[in-house]
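Protein chains: 2
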Amino acid sequence: MSAHSRLSLNQGTIKYASLAEALEVSQRQGLQSIGLWREPVAEVGLERAAQMLRDSGLRFSSHCRAGFLTEPGETARRQALEENRRAIEETRVLAEAGAPGSSATLVMVAGGIPEGGTIEDARARFEEGIATLAPEAEAAGVTLALEPLHPMYASDRAVLSTLGQALDIADRVGSPAVGAVVDAFHVWWDPDVAAQVERAGRDGRIASYQVCDWKTPLPADVLLSRHLPGDGVVDFAHLTALVNEAGYQGDVEVEVFNADLWAKSYDDAVAEMVTKFGASVGVHLAEFAIA
Amino acid sequence: MSAHSRLSLNQGTIKYASLAEALEVSQRQGLQSIGLWREPVAEVGLERAAQMLRDSGLRFSSHCRAGFLTEPGETARRQALEENRRAIEETRVLAEAGAPGSSATLVMVAGGIPEGGTIEDARARFEEGIATLAPEAEAAGVTLALEPLHPMYASDRAVLSTLGQALDIADRVGSPAVGAVVDAFHVWWDPDVAAQVERAGRDGRIASYQVCDWKTPLPADVLLSRHLPGDGVVDFAHLTALVNEAGYQGDVEVEVFNADLWAKSYDDAVAEMVTKFGASVGVHLAEFAIA
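Residue numbers (my numbering), protein chains in the order written: chain A, 1 to 291; chain B, 292 to 582.
It cannot be assumed that every hint is accurate.
[Said to hold, decoys possible] Simulated restraints on C-beta separations: (1) A:Leu223 / B:Ala550: 20 to 30 Å; (2) A:Gly174 / B:Thr409: 29 to 39 Å; (3) A:Pro114 / B:Thr423: 42 to 52 Å; (4) B:Ala550 / A:Leu81: 54 to 64 Å.
[As the list claims (entries may be wrong)] Computed from the model, here is a short list of chain A residues facing chain B with C-beta under 8 Å: (5) Ile113; (6) Pro114; (7) Ile119; (8) Ala154; (9) Gln165; (10) Trp214; (11) Leu218; (12) Ala220; (13) Leu224; (14) Gly230; (15) Asp231; (16) His238; (17) Asn244; (18) Glu245; (19) Gln249.
[To be verified] Some residues of chain A that are not near chain B, with every Cβ distance over 12 Å (derived): (20) Pro72; (21) Thr75; (22) Pro135; (23) Tyr153.
No lab work stands behind these hints, which were simulated from the structure alone.
Positions of the beta carbon are idealized from the N, C-alpha and C atoms, including for glycine.
The shape of chain A in the complex, shown without the other chains (with noise of 0.2 Å):
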């Protein structure tokens, strides 16, 4: 099966992979576009990982991942602005080495509760880091991306846990270069999911959508409980329609972190992501021409 034209894959799927061997996995099984993670750019640093993506000829699709917004503390919140502010700059340089219709996309995990604190000033510190970003990403051409997560990180990985959620930050921050991430796995569940990717879509927030498919027994690590599109329960039919009504027109990432998945050759992981992103996903996609 050759690989959907909108189909970009994200490094966390091969996690093992260096930058090198992500593009050159990515060119070889056809894809047109990748999302790639800041410790392998930072393996060889900025420039050459921009002139490694502008020599593949792919897309980028987002940089994963800033945020980590939720710690008290004037250090702690001057560390997390400053992290920040270089996945900024890093995402502005990836967006525009990568080929025509890439995506300044920074993709924003906001952070979990800090010890002995509560979910609700986590989440008031996490609104103001946003805030404080958010006109600076503006003049850098760049979308933060908030992520919300399943709220089963909501503890100790993410406080921002529904499209509603991120939608009411975006509202309030006021700034058109916050975005939201719709993805699958982690939204699939949300009874108001319909009402708020509509909303996204109106907003003009839709910054990235991820497909990802939940399946249980959750493993012992719920970190790795992902699995490629069509081996759970999420039903990318309707989810992939609400996106496409909603305007959605950029690429769509496969996020899956996996061990089984992991554990196989790069080749052979990314061969099966195409064929069961094709079956689950890509028959539901509006074509678009990118770029």
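Place chain B on chain A using the hints.
Frame of chain A, contents of chain B only:
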């Protein structure tokens, strides 16, 4: 520490206790109220269970549990409805047998997504089942307490995931016999929880307030990831204030499924529950003379 007057032991907290043992330890530890599970009641038979409860002098705070209305097909539907009708009758009888201030509350767990099905269809079947049962529950003087479960259980246990969703169903069904459970473990992460608890209070739909704490990492079996109040991250001061302000004046159940707690003697487990409830919840709970 003496037990708070509104504290009720949910029998799931001492899962391996028989009905007789659960009633005895509750009396010994100075509790005034108990929430029962169907299986230990069935072991002795409903009539005998009612007599034992009457003799104990305890209030009856809820019956756990019925629901599981998401399977397709006429046979499955009829069987599930019959099982729920038996549970409604048990609830009526036990609430009559309990001390004054007992509550004829039947906890309803939705059920998961059937093999090959979608969450939308499963949700529709659950709502249809509630609409069928509501007039019968009303005639019996029983409240069907819809229990939203944490979204990590949405695929295999409960397609009812938020308090807002439960209240929407209650509105559409339009019966005073439909209520909702506010279970801290299941709703603590919800960005909309304050608004929905207020709405539930305004609509007279808070049928039960259950307390149980959230802590990570989650154990391998996520069903056993519950902790006594104060052992995790839930902000019980905030949540209990919301429930107070919403006008809830009933019993407050501790329902904790935890292998370490189950390994203790019933007296030790209940004594620990009394102490931790007092420190984390009781201090924030309005005092009412129940009954």
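- Hints broken by the structure, by number, lowest first? 4, 6, 13, 14, 15, 17, 18, 19, 23
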